[in-house]
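Asker: Protein chains in written order, with our numbering: chain G, 1 to 378; chain W, 1 to 265.
Please note that a few of the clues may not be correct.
[Stated by the list, open to error] Think about it this way: if two alpha-carbon atoms lie no more than 25 Å apart in a straight line, the pair counts; the simulated DMTMM-like pairs of lysine to aspartate or glutamate are:
| id | chain 1 | residue 1 | chain 2 | residue 2 |
| --- | --- | --- | --- | --- |
| 1 | G | Lys272 | G | Glu258 |
| 2 | G | Lys27 | G | Glu262 |
| 3 | W | Lys156 | G | Glu258 |
| 4 | W | Lys213 | G | Asp14 |
Think of the hints as simulated: they come from the structure by calculation, not from any bench.
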Amino acid sequence: MDFQLSESQRALQDAARKYARDVVRPKAPHYDETSDFPKDLISAAFELGLLNMAIPSEYNGVGLTHLEQVIVCEELAWGCAGVATSLIANDLANLPIILHGTDDQKKRLLAPFGEKLKLSCFCLTEPSAGSDVAAMGTTARREGDEYVLNGSKCFITNAGYADQFTVFATLDKGKKHKGITCFVVEGRPQGLTTGKHENKMGQRASNTTTVTFDEVRVPAANRIGEEGEGFKIAMATLDNSRPLTASISIGIARAALEHSLEYSAQRHTMGKPIREHQAVQFMLAEMAMNTHAARLLTYESAQVLDEGQRNTLQSSYAKCFAADMAMKVATDAVQVFGGYGYMKEYPVEKLMRDAKLIQVYEGTSQVQRLVIAKELFR
Amino acid sequence: MKILVTAKRVEDPESKIKVKPDGSDIVKEGLKYKINPFDEIGVEEGLRLAAKHTGEVVVVSIGGKEVQEQLRHALAMGANRAIWVNHTGPLDQLGIAGLLQKVAEKEKPDIVLLGKQSIDDDQNQVGQYLAEFLGWGQATFASKVESLESDQEKNKVPAVVLSADKKSVQVVREVDNGLATLEVQLPAIVTTDLRLNQPRYASLPGIMKAKSKPIEELTPAALGVDVAPKIQVLKLSSPPARKAGIKVPDVATLVEKLHNEAKVV
Chain G
1 MDFQLSESQR ALQDAARKYA RDVVRPKAPH YDETSDFPKD LISAAFELGL
51 LNMAIPSEYN GVGLTHLEQV IVCEELAWGC AGVATSLIAN DLANLPIILH
101 GTDDQKKRLL APFGEKLKLS CFCLTEPSAG SDVAAMGTTA RREGDEYVLN
151 GSKCFITNAG YADQFTVFAT LDKGKKHKGI TCFVVEGRPQ GLTTGKHENK
201 MGQRASNTTT VTFDEVRVPA ANRIGEEGEG FKIAMATLDN SRPLTASISI
251 GIARAALEHS LEYSAQRHTM GKPIREHQAV QFMLAEMAMN THAARLLTYE
301 SAQVLDEGQR NTLQSSYAKC FAADMAMKVA TDAVQVFGGY GYMKEYPVEK
351 LMRDAKLIQV YEGTSQVQRL VIAKELFR
Chain W
1 MKILVTAKRV EDPESKIKVK PDGSDIVKEG LKYKINPFDE IGVEEGLRLA
51 AKHTGEVVVV SIGGKEVQEQ LRHALAMGAN RAIWVNHTGP LDQLGIAGLL
101 QKVAEKEKPD IVLLGKQSID DDQNQVGQYL AEFLGWGQAT FASKVESLES
151 DQEKNKVPAV VLSADKKSVQ VVREVDNGLA TLEVQLPAIV TTDLRLNQPR
201 YASLPGIMKA KSKPIEELTP AALGVDVAPK IQVLKLSSPP ARKAGIKVPD
251 VATLVEKLHN EAKVV
């Protein structure tokens, strides 16, 4: 156990912080307002190696450890949570290949991401199958050397701009989660369509659309894992990605705390800066304490993975605690700002809208609690 | 061509610097450190020169083990290898220039790039001493003609221009009343000013690669340099705190105060 970041961890943190401060922050209000796709910010991130952090270096990726990824991701989210979500969506979509792909699949489906800017998306959620993955309605049927996909997915990050789709579909609905299988669709073949960009409450810089499959043909060589292993692959992927979503919460909370510290020093009431009032101090102290607690949980959940251990429990602790914490901290930041905090001219209402999504995506806070309870009963 | 660049470890200019109550030093607990920003500009210029003329960038720093962090930063930006002169304890500009002289004699670079000064002591002496010790030409305060938003800057073209026969460089310098252009024979010392370039960000793959780039360790003793300081720092003190401003009720009072108190009108 070591609570000090190493020299190279600090160097990575510093690189990500510069990008977040100098490249992302000046543009974040624009992309929040317009909900346009931040192509320029994503290109800049690609040039700096802030995309594809999880792809191993032997397959052209950046090859960071899980702990390094969460350290970097907190900085990205401090810049803008929507941009951070777009950036890590590539890793989320590629994790099934990283974790369960063959060497051939990794060479074909991962290595091109290092050569030029490519986006990928993780297609799991459906209109009637969010937390209840086993209720999945998208189907796959085998025809010779191919599988044929039919069905639709929703709330898919980056889908509108994706060059590759990691798709979960069932070979037999009757088998429930044992029928689910994972496929990678390259490019945009005939029958694959993406819907309009959703008008979201927060994280508006991230692109979110539906994806529809109408007789989409996938070569059998692009099936990740065996038939029926999709559910297991999806769960392993989410175990790996929860520390990252937790770190997005921490980035939001840290931004909220910093804005609150600055504002509470400037704003005067009853003849003194509001941060000299105990009521405000208590809020600031709670914000700082909980942000740090979430960071420690998140670092642990990442380090457990780096040590090659199963981290289902720790990553649910981290994701659940961090998401709920960020919502509370961002809400308190609006409170510290008072009426101004509710106005779009000030930076904290965006943080509150951005934080809400983390309690919802990649397993709601309620699902995380179910996972935790299930782990406790093991 | 070979380019030697310095990378001094300095207090992060964004951190709050406090002087110890006894005035012996600054309070170092909790301070952050980074590469001297002028040296970082030197690293960037070195990388651009090396990219244009197929060369090697060697970065050097003097200090305890902690200066490896700044060397790694330069390596992450793209420098090829590093030299660490392991020395703890006081060191003045003459000592630094003496050590750099020996490193330069060993490495035989075509150009030595240094920040015009380091932002901690603001001495602005080492480059000039080094040129004198080596007997090489020098061009201090290197700047550029184009704006930092120019295409040349975006395409990372070096502003220090190598002549066709590769025996000299042309350097635009910032001087009090404008810009002066110098032609300097190689090998030469060039010190960098603020407007020379915009240093690139270290990329994540660059940081990962830097971990395996070599850092050679040298010592003042091995280099045969006596670094006993000839300058002694007697006392540090903070600049006087600025007094709070006042509000005046009307223009007449303002003029009266400017005339009688500030004595500026």
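Asker: Can you name, in rising order, the numbers of the hints this structure does not satisfy?
Answerer: 3
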